[in-house]
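Chemist: Here is what each chain is made of, one letter per residue.
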Amino acid sequence: MAPGPRPLRCTSKDTPVTAKKTTKSKKTTKPPGSDTPHALLYGDLWDYAPAPESTGHTRFEKKYGHFIGGEFVAGKDHFKSINPATEEPIAEFASADAAMVDKAVKAARKAHKVWGKMRGSERAKYLFRIARMIQERSRELAVLESMDGGKPIRESRDVDIPLVAAHFFHYAGWADKLEYAFPGARVSSVGVAGQIIPWNFPLLMAAWKIAPALATGNTVVLKPAETTPLTAMKLAEIIAEAGLPPGVVNIVNGAGKTGAAIVDHPDIDKIAFTGSTDVGKIIQRAIAGTGKRLTLELGGKGANIIFADAAIDQAVEGIINGIFFNQGHVCCAGSRLLVQESVHDEVVAKLKLRIESLIVGDPLDKNTDIGAINSKEQLGRIKALVDAGASEGATMHQSSCALPDRGYFFRPTFFTGVSQSHRIAQEEIFGPVLSVLTFRTPDEAVAKANNTPYGLSAGVWTDKGSRLFEMAGALRAGVIWGNTFNKFDPTSPFGGYKESGFGREGGRQGLLPYLEVR
Amino acid sequence: MGNDYVPPRVPTIDEVGATERAKRFSSRSLKKSSKVAGLKLIASMVDLTTLEGADTPGKVETLCQKARQPDLQAPDVPSVGAVCVYPPMVPIAKRCLEGSGIKIAAVATYFPSGQADLDHRLVEVRETVKAGADEIDMVINRGDFLSGRYGRVFDEVEAVKEACGSARLKVILETGELKTYDNVRLASQIAIDAGADFIKTSTGKVQPAATMPVTLVMLETIRDHYLKTGKMVGMKPAGGIRTAKLALRYLAMVKEVLGDAWLSNEWFRFGASSLLNDLLMQLAKERSGNYQSSRYFTLG
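Residue numbers (our numbering), protein chains in the order written: chain A, 1 to 518; chain B, 1 to 300.
Watch out, some of these pointers could steer you wrong.
Computed cross-link-like contacts, DSS-like style, restricted to lysine-lysine with a CA-CA straight-line distance of at most 25 angstroms [said to hold, decoys possible]:
#  : chain 1 : residue 1 : chain 2 : residue 2
1  : B       : K285      : B       : K31
2  : B       : K245      : B       : K23
3  : A       : K376      : A       : K63
4  : B       : K59       : B       : K32
5  : A       : K366      : A       : K76
6  : A       : K366      : B       : K31
7  : A       : K366      : B       : K23
8  : B       : K245      : B       : K31
9  : A       : K366      : B       : K179
10 : A       : K366      : B       : K245
11 : A       : K448      : A       : K464
12 : A       : K113      : A       : K103
13 : B       : K23       : B       : K179
14 : B       : K285      : B       : K231
15 : A       : K257      : A       : K106
16 : B       : K285      : A       : K366
17 : B       : K285      : B       : K35
18 : A       : K464      : B       : K179
19 : A       : K177      : A       : K125
20 : A       : K366      : B       : K32
21 : B       : K32       : B       : K285
22 : A       : K366      : B       : K35
23 : B       : K23       : A       : K487
24 : B       : K35       : B       : K179
25 : A       : K80       : A       : K110
26 : B       : K130      : B       : K59
27 : B       : K94       : B       : K35
For the record, the hints were derived by calculation from the structure and aren't laboratory data.
Could you build all of it, start to finish, from the sequences and the hints given here?
Modeler: Written as structure tokens, this is what we have:
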């Protein structure tokens, strides 16, 4: 062939490199773990320049107390919230003791006399207002969420914050339609709800808890997780500015002790908890016999089931989204991959390739796919379970990507050769680590998927509609996705079977835990 | 081969998933140095095209001059990958592009419909190559494909490839008429198996022309074929890519699906005409900080 135009070299290095040379060099510099004869090179021939979201527009205090009775009150025993990507403290937050929690519960009780009697259409106005204010401040909230929790800005901007607003909008719509939600019954609010939320979706979990409680006429005392309290304080600001009657929403900061004070408080009518199964069990024991209502949304070990007839390339994207979304800090993550044996090698080869093109790094960079692990402790837990997986004989595959020098990061990882009796197939890792198992028949897939104490989520990938419905009926999980994964919508109820908890959040069903139905 | 032809087994495509994946590339933030490098790379990948009934030698000469030197103010902008014309214009393009290294691509095989006897189409290909075309952009007979006569599609591509001799063959699938992604995947694989050097989305005469999900499905076919056989196949989305911003998204998709080896005009092209001036306008903006009026950019 005649010599063509000179191929363009796009990095700063001098020597032009032709495509052919690149092809050759990639054979010698195969990414680790790659065993295909013709590997692809995801290199730096043309690289994305850093594109960090600016933080200059964010406003927050250096020191926070609590939000009680419509006011920010000072507290004591401050702890620091760390930016997991830089390991630097962001702000200090007080720890509420039993007396402070009591103050918050009293404020909530007082406010319930007003809020519980208010017409639904009036309550809706406040909720709509909060939703709109969240939308107006979505950029700031997204940046703060990424700074405090380590999640990539792409997710906090495109998933978390829009869903937060959507939840408030959805439940604002229900507030004046409660009698239609449960035809033939009379409904009234439960009273004061104590709500304890986790660190993986800080503001979204706050919205999941607060929006239905308020729509149904309850007042709340909410405790955000101690590693991610920042956006809850921003939400308190919004709530104050929205003119919500004082005490309808109270937010207390603190760790486990503060949570225990909420759970043990005698004047709380309902506890809603999202977090680990261990703590969920402690809470259930603690309130046994007290008459408090309880909903729990706990851990999971979701099975993502790939049938041989599935659209494999899209399934691979679903697997990636299922386990690496939010660094795998997702209770409904698809952390157990069940692949039909006939396509196992194909799927694994594609997964190896796909994790090479994931961008791991600064959560505030708009091109980052996987951000920072939420805390040092969580990173330690992930490492311990990954070590267990390796020592139990499973084969580890990891992206060859470079990690930042500072901060808590973990490479996208998956294990092949995993069996049901491995710890990594049974225990929730809550990190970017996937266990790959195989099955031969649909029955075996169902048996393996259900062979877990958990039952929160599952995914089924098949081109056959009938099989999809059959599987959905046989799987013991609260959320089942067909040919997709990790899709959330305020209209859809979410919750678990077995040790993944009970009660539903979202949709019409999400009203029920906050209502007396007569 | 005709009747005995067994179409290749290709994976099924989930339309929702493919669309969602393609959309992800649109959220890549390409600024500063990566934007400038990307825009120049795209300029070098453009198949600068004129395919009109009203084409004249004068029009083609103008286009060729533009192809050689896209921006008088910015000599660092590379010349384009190829000029794409109708077969009768090949001698003119050849004269204008002498010594430039820019390829001459010609749309043969009774473009854009492909509705003609294979013999006639082959004659056109041979004549066009003889006249100096470096690359032949053929169209498949969509009637054959949609009626399930895959063997005829395979045979036709194979015969055209043979007629091309040393010229590289780009096979236009006209995805806007194939409609489903399953069809796109199958047609891509048949074309590759039959010897296509490039697969190309569209003629530009049918809407929709190139889209990101369609291009993604074709890139994934190329990727899987390469991993299986070691043979690289090029890709050319054509039609509807008019802005630099959209072209950068395509480039990100190539980078993330096929990797560095395809980031050159030997393996990736944009079939476009108005794209080039938008690239120049964006590059000028990166240099000066301000957008220039279109009057400062020459017509092609």
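Chemist: Run through the hints listed earlier and report the numbers of any the structure violates, in increasing order.
Modeler: 4, 5, 9, 14, 24, 25, 27
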